[in-house]
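For reference, the chains in residue letters:
2 protein chains.
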Amino acid sequence: MKLIDIYARLKSDIQIIEKELEKSITSEHRLLHDASLHLLKAGGKRLRPVFVLLAGEFGHYDIDQLKYVAVPLELIHMASLVHDDVIDNADTRRGKLTVKSKWDNRIAMYTGDYIFAKALHMATELKNPLIHQILSKAMVQMSIGEMEQIRFFYNTEQRIYDYLLRIRRKTALLIAVSCQLGAIASGLGHAEMRMLYAYGYNVGMAFQIRDDVLDICGTEKELGKPPGSDIRQGNITLPVIYALQNESARSSLLDEIQKISENAKRQDIRTFIDILKETDGLQKAEELSSRYIDKAIAALDDLPKSKTKKNLIDIAYFVGNRSH
Amino acid sequence: MKLIDIYARLKSDIQIIEKELEKSITSEHRLLHDASLHLLKAGGKRLRPVFVLLAGEFGHYDIDQLKYVAVPLELIHMASLVHDDVIDNADTRRGKLTVKSKWDNRIAMYTGDYIFAKALHMATELKNPLIHQILSKAMVQMSIGEMEQIRFFYNTEQRIYDYLLRIRRKTALLIAVSCQLGAIASGLGHAEMRMLYAYGYNVGMAFQIRDDVLDICGTEKELGKPPGSDIRQGNITLPVIYALQNESARSSLLDEIQKISENAKRQDIRTFIDILKETDGLQKAEELSSRYIDKAIAALDDLPKSKTKKNLIDIAYFVGNRSH
Chain A
1 MKLIDIYARL KSDIQIIEKE LEKSITSEHR LLHDASLHLL KAGGKRLRPV FVLLAGEFGH
61 YDIDQLKYVA VPLELIHMAS LVHDDVIDNA DTRRGKLTVK SKWDNRIAMY TGDYIFAKAL
121 HMATELKNPL IHQILSKAMV QMSIGEMEQI RFFYNTEQRI YDYLLRIRRK TALLIAVSCQ
181 LGAIASGLGH AEMRMLYAYG YNVGMAFQIR DDVLDICGTE KELGKPPGSD IRQGNITLPV
241 IYALQNESAR SSLLDEIQKI SENAKRQDIR TFIDILKETD GLQKAEELSS RYIDKAIAAL
301 DDLPKSKTKK NLIDIAYFVG NRSH
Chain B
1 MKLIDIYARL KSDIQIIEKE LEKSITSEHR LLHDASLHLL KAGGKRLRPV FVLLAGEFGH
61 YDIDQLKYVA VPLELIHMAS LVHDDVIDNA DTRRGKLTVK SKWDNRIAMY TGDYIFAKAL
121 HMATELKNPL IHQILSKAMV QMSIGEMEQI RFFYNTEQRI YDYLLRIRRK TALLIAVSCQ
181 LGAIASGLGH AEMRMLYAYG YNVGMAFQIR DDVLDICGTE KELGKPPGSD IRQGNITLPV
241 IYALQNESAR SSLLDEIQKI SENAKRQDIR TFIDILKETD GLQKAEELSS RYIDKAIAAL
301 DDLPKSKTKK NLIDIAYFVG NRSH
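From first to last, the protein sequence lines are chains A and B. First residue of the first sequence? That's 1 in our numbering, and the numbers climb one at a time after it. First residue of the second sequence? That's 1 in our numbering, and the numbers climb one at a time after it.
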């Protein structure tokens, strides 16, 4: 089954979630409302809600319960994207902070805060404290992950372990928690919950690695932004860490990263990407991503054979091979 | 009883809260840990925890329950201060965004996110969903209040109502919620909870109005920062709104605000403050603050006479007259 068919199968409940998302960010405050709605309308795969729904299908599926975790999870994801943009926004104005860009940044920050708070507020519709505990813990880890990313900017001495720990916090945990909360909100037992959590965690790791690979080898058209945005930001990803292990390429890569860190204009990164592509960095990253996909699928072994299980496996394969 | 005596009376439990605060922001992440701890050590009056404890004294006082609302409330307050500083930080560097200042800003933003998340996570120790609902709702309102402040920057047409709604969200609600959650966590009934909430709300309104008065008429020594920081940021406060209602002063005040908005250097605001002081703006603001104090004290009327009630009244009077 293709991804589009899975979405078609879940269509009516995804629409319910879409409406709840819109309702949740409705605010008497015009600017907040517009900023949040703009973000919402920009779309997205709604991957976290889909994982909630699919996990929920293994238990007592009730959309009126599941929506109270699906919507907060998507909101938390959205809020983290807004905060990611806060400083980048000023950056595009060549480092000059005008009053206008200053306001934009503050507005982005408070829009993020607002969406975070709305997410948690909506989750309180469910009276199970475990759910609030898991959600707030995921948010703690995500903010640590963001800080880690900043701390390791342009750090070419970082280990693969540093990278993995970072993407675990930044990306994989929230996807794991999506599966976990779908399980809890549909009354599944501890064993099934653990399996679904493990599935989500491994899919999330693979997803982020693939994302980082695509940022290097995708085209501008596929990505919707010029390739190499990670390295321009200073974010050293897995293919780069692997490539730096090649003795022949290491010193020229270090030179290029040094240049990029000093002046990250668009044309500066071409040489970097060319050198990188000649190493086995991308391939090794893809291999690790595939191993996570295998682990994700293996985590489902003891769950009953069903349409839902098949869907989760298909999504895992999609994540492993997605070209954009 | 002076404020210092109230703190002395609550000393041992304030120390417990202080330790829990420190414990709560302890992180395996060094940078986050240092940034949060620095903030914590900078001190503060811990006003929100004190209100929690005092409200709790009307019910079944249990510090092991109360600390799980007192600490989150102080953390939410701290996180909002960090986010307030995010852009100001860049500002002090004369609008030029260096790589260093960019990182500082991102770190401030994620430190705030981290502290918010830690606050909510700690509150989940209490299994009462009403508490999480009240906390997250307060956070929603606070972020709207911050946005409102930005929207009204340099807006000289704003009404007193706009100002009051803004400080209600930014300041008064969290203080009201401190009293309310202290009441809930000590098992008080709905009636007492409402009274304590009303007390906190009115004290919070008075507190913010006094703060805005002091920002204009306080000295640098008293304030720990040069006076007039509100107007330099573009924040038009109650004394200014009242002053603008004076026909004789209005046009010269508008001129000065225009100049400040274009170039908010330190010396530029002296004339503004001088003109303002000649109007009845400060006095009228003080009068409104006093009315809120009266309402705060009246809200306690039906609570039993006790040392605690006396303390709350003393705090209200202190807030009404504080000189710094």
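Since the hints were derived computationally from the structure, they do not count as laboratory data. Glycine is no exception: its CB is placed at the ideal position from the N, C-alpha and C atoms. One should not assume that every hint holds.
[Said to hold, decoys possible] Here are some chain B residues pointing at chain A (derived, C-beta under 8 Å):
#	residue
1	HIS29
2	VAL86
3	PRO129
4	SER143
5	THR279
[Stated by the list, open to error] Which chain A residues stay away from chain B? Per the calculated CB distances, all over 10 Å, these:
#	residue
6	TYR61
7	HIS121
8	THR124
9	LEU164
10	HIS190
Quick rundown of the hints versus the structure:
1. Hint status for HIS29 (chain B): holds, given a least beta-carbon distance of 5 Å to chain A, under 8 Å.
2. Satisfaction of the interface hint for VAL86 (chain B) is found here, the shortest Cβ-Cβ separation to chain A being roughly 6 Å, below the 8 Å cut-off.
3. Of the supplied interface hints, the one on PRO129 (chain B) holds, with its beta-carbon coming within about 5 Å of a beta-carbon of chain A, less than 8 Å.
4. Checking SER143 (chain B) against chain A: minimum C-beta separation of about 4 Å stays under 8 Å; hint holds.
5. Annotation: THR279 (chain B) was flagged as interfacial toward chain A, and the flag is violated, the nearest CB pair being 27 Å apart, outside 8 Å.
6. With a cut of 10 Å on Cβ distances, TYR61 (chain A) stays outside the contact zone with chain B, its closest approach being about 23 Å.
7. Consistency note on HIS121 (chain A): stated as away from chain B, yet its beta-carbon is not over 10 Å from all of that chain's, at 4 Å minimum.
8. Not every beta carbon of chain B lies more than 10 Å from that of THR124 (chain A), the smallest distance being close to 4 Å; the non-interface claim is violated.
9. Interface exclusion of LEU164 (chain A) from chain B stands, the closest Cβ pair being 15 Å apart, more than 10 Å.
10. No Cβ of chain B comes within 10 Å of the Cβ of HIS190 (chain A); the nearest lies about 19 Å off, and the non-interface call holds.
Hint compliance for this structure: hints 5, 7 and 8 are not met, and every other hint is.
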